[in-house]
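Colleague: Here's the letter readout for the chains.
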Amino acid sequence: MNALEVNKITKSYGKFKVLDGVSLKLPEGEIFGFLGPNGAGKSTLIRILLDFEKQDSGSFSFSLAGKKLLNKEVKKKVSIVPQDLCFYLDFSVEKNLEIMGALYGLGGIKLHERIERLLETWSLKRFRSRRAKNLSGGYKRLLNLACGLINDPAIIFLDEPTVGLDPKIRKTFWKKIVQLRTKGKTIIITTHYMDEAEVLCDRVALIVKGKIAEELSVSDLRKNRKKLEDLFIKIVEEQGIKREDI
Amino acid sequence: MKIFRFARKEFELVASQKTSLALVILYPALIVLVVALAFGSQNVEPQSGFERADVAYYLPFGSSNFDSEEFLDHLSQVERLRLHRAKSPDAVKEAIDQGIARIGVVVHEPTSEFERVKISFYYDNSAPLVSKMVMSYAYFSIQIFANNKSTKILHRIWENLDTITKRLDEQYAKINGFEEGLDGAKQRIIDLETKINSIDIASLKSKLNQFNAHYLDSKSKIASAKEDLAEAKTTLSTYRAKLVDTSLELSTYSDTLKLIRGDLQQIKNASFEPIKSQLQSVENELTETITKIDSSIAEINSAINDIDDSQQKLTELNTELNSADSKLDSANLTVEEFKVAVDDLETTLTEVKGLIRDSFDYYEQTKSNLAETKTLLDDLTETIEKFMFYKPEFLVRPFIVEENKMYLVSEEYLPVEKTAILIPISLTIVLMLTCILIASISTIVERKQGLNVRLHSSPTSKLSWVSGKILGQIMFALLEALIILAIAILVFGVPLMGSILDLLIVLVAISLAFISIGVFLTGFTSEQSTAVLASLLIMIPLLFLGGIIFPIEFMPFYVQGIASALPLTLGIQLLTNVMVKGIPLIYALDKLLVLVVPAFILLLVGIFRKKI
Ligand SMILES: Nc1ncnc2c1ncn2[C@@H]1O[C@H](COP(=O)(O)OP(=O)(O)OP(=O)(O)O)[C@@H](O)[C@H]1O
Ligand SMILES: [Mg+2]
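Chains as they are written, first to last, in the numbering used here: chain W, 1 to 246; chain X, 1 to 612.
Keep in mind the hints are simulated off the structure, nothing from the lab.
Heads up, a few of these hints could be off.
Claimed, not checked - The calculated lysine to aspartate or glutamate pairs, modelled on DMTMM-like cross-linking and capped at a C-alpha distance of 20 Å, are:
(1) X:353 to X:337
(2) X:469 to W:90
(3) W:140 to X:446
(4) X:610 to W:53
(5) X:448 to W:53
(6) X:462 to W:220
Unchecked claim - To be clear about the criterion: a stretch of chain W counts as covered by chain X if any three or more of its residues have a C-beta under 8 Å from a C-beta of chain X, and this derived list gives those stretches:
(7) 73-81
(8) 192-203
Claimed, not checked - Among chain W residues calculated to face chain X with C-beta under 8 Å, some are:
(9) 13
(10) 16
(11) 85
(12) 89
(13) 100
(14) 147
(15) 208
For every residue, glycine included, the Cβ atom is placed at its ideal position computed from N, Cα and C.
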């Protein structure tokens, strides 16, 4: 069963075609990787999927347990952890999480428990009263992540979540993501770290110049003893992308 | 040279900031324009800096003691005053309360037209500068009216004196006429006197004496006649006695004869024939004789009766006829003569009556003439008295003007009046600065920190999110307002004339209005600096047109309309209403609506202009 089906989405900014007929099928309960060079259109696709922007043509739909989600349900069940930091820099970590909870209509003990769990999970407990702007870059990212998970979503978009994290935290982060999958969450992740994609993802799609250049299963890749990074570079070069195009 | 390359870079950098640049260039132009509009009243006169001001008035229309129409006519010709008629003195105050008028003029009906007219001015001392200026302008106009009125009255007095002289002359002529009339009457009475004198009472007397003589003469005659009649009567009596004797004698004869006849009859009855028949014939002869004698007796008796009758009649006739006849004869004669004398008297009396009637007529005429004279004199005194009512002070100053401030009238407010008036103004300005800036800054901060992304991906609607934001901002603004109010009230002792609920509603409305402007601006700006600049762009014209720097009345007419619909203007007015004027908010609902309704439009534009 697919959690997300994308059907020939196109999007242009002026004359510049960012997405050019993207079609995808994402099985429920898997971790799916969006890979691609800078400026390929990954973030744009996510923005469209989350209704921040309107596609020029094409369609998409979310489903859970074979049931198509209505717009309202999408807002409740689908969450994004944006590439940019999205929280109040002047509020404390805990306060930020409380406000995010309020956005989802959460409150009281339930919210409190959830915040405690998130602080625990994402190693933020020590900094709960610290103002967000005074966190280190890596912890800001973790807070950003925690904010996106406040509503306990079923489908999660992670846009370059591990940028700026030290190797130790990154490892824990991976562990937590895998834990989320075991809970049946569907996760879509964009990253420039191929090792990360190899560790985490069940499937990956390579997006180049707004098109799906390749879609493959990571376990197949492993069977063939190939490295994702080599494949990435090869495909990008095949597509004739030059630095100037980005 | 490096420095020129830096200079070029700087120029390009400035030029790349398109919105800021537009504001920087447009802003001064806009300020110049606004100031020009506000101060651009074409014909500013030294005595009246204002362009047009509203005046509410109450006049005692229909009063006989004050010509309201004339007064109104004069007022309505005064330039720069826009008049609003009020139905009662209280309505004048209400007009000021509602901001329809700056000042009010109430003319109190005088108890008479000669009394100085009391005029009460009411002025909105929540805007003392304009109010006092408009008031002295109106006062000046009324002064002109008063002077005109005095002049008119003096003219009327002069005219009246003229007619008085004329009428007195006429009356003098009439009184002369009376004198002539009285002389005529005197002459006629003298004539009458001679006539009465000419009536001859002596002759009337002698005639009456004559009548008396006749009467005595007749009396003696009647007496002798009476004697004669008495004699005749006696003669008749003698004659009658003789007749009575004869009659008695005859009766005796008759009776004797009847006895004889009886005897004869007895003899007869006892005798036989021929004696009997002879006796019968003797008897018949006897009976015949008796019958003859009886009839003679009857005749004699009737003769006696006749004599009696005659005697009687004679007596009566004599007395009656004699006396009556003589009386009538002599009386008749005397009365005839007397009649003539009385006729004489009658004519004289008729003449006297005529004279009396004439005198009555003349009396009536004279009386009516005098009455006329009297009413005329009354008229004249009345006219003169009427003018006497015009006291010299009245003519010099027909109006007594009294100035009443509308608000903070009580003595205790005197020391804080100026502060009290300024608090609503400064509080509104503070709210304007605060609300516009916090609304725009906080919206942009949230947008910059990506909170709109969070909002958009959550099921919370933008409307409830923004409502919450605005509510929070209002709370913030209220807190600030409360601090200022607390200082004003507790430290400066400024009173709060209206209700706390009204104050709260007004503060919320003002905050909302300015917040909406801030939110509106964020629909068009994405940087904090631009938003602040844009806020200033809005605030400075509001300050200039809000009647703070320059009273609204001083602005050209069409600008006044715009100015009075601006949120700062409305905010100050509403807050002044509650704090200084103590007018319930109910009476300023229109202003509240003008303040709040556009706010919602601005909010909607500001909220939905940008998707995220
Ligand atoms: N509002 C916009 N107007 C014009 N071009 C835009 C706009 N937003 C994005 N783009 C362009 O669209 C392209 C795709 O951008 P996008 O952020 O989706 O790339 P990406 O794949 O996420 O890259 P990265 O890996 O660097 O995050 C880029 O070339 C970007 O310059
Ligand atoms: Mg991206």
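Colleague: Now, for every hint given, state plainly whether the structure supports it.
Modeller: Now for the hints, and whether the structure bears them out:
no.	hint	verdict
1	X:353 to X:337	violated (25 Å)
2	X:469 to W:90	holds (16 Å)
3	W:140 to X:446	holds (17 Å)
4	X:610 to W:53	holds (12 Å)
5	X:448 to W:53	holds (18 Å)
6	X:462 to W:220	violated (45 Å)
7	73-81	holds (count 5)
8	192-203	violated (count 0)
9	13	violated (15 Å)
10	16	violated (20 Å)
11	85	holds (6 Å)
12	89	holds (6 Å)
13	100	holds (6 Å)
14	147	holds (7 Å)
15	208	violated (26 Å)
Figure legend: structure checked against the earlier numbered hints; hints not met, in rising order: 1, 6, 8, 9, 10 and 15.
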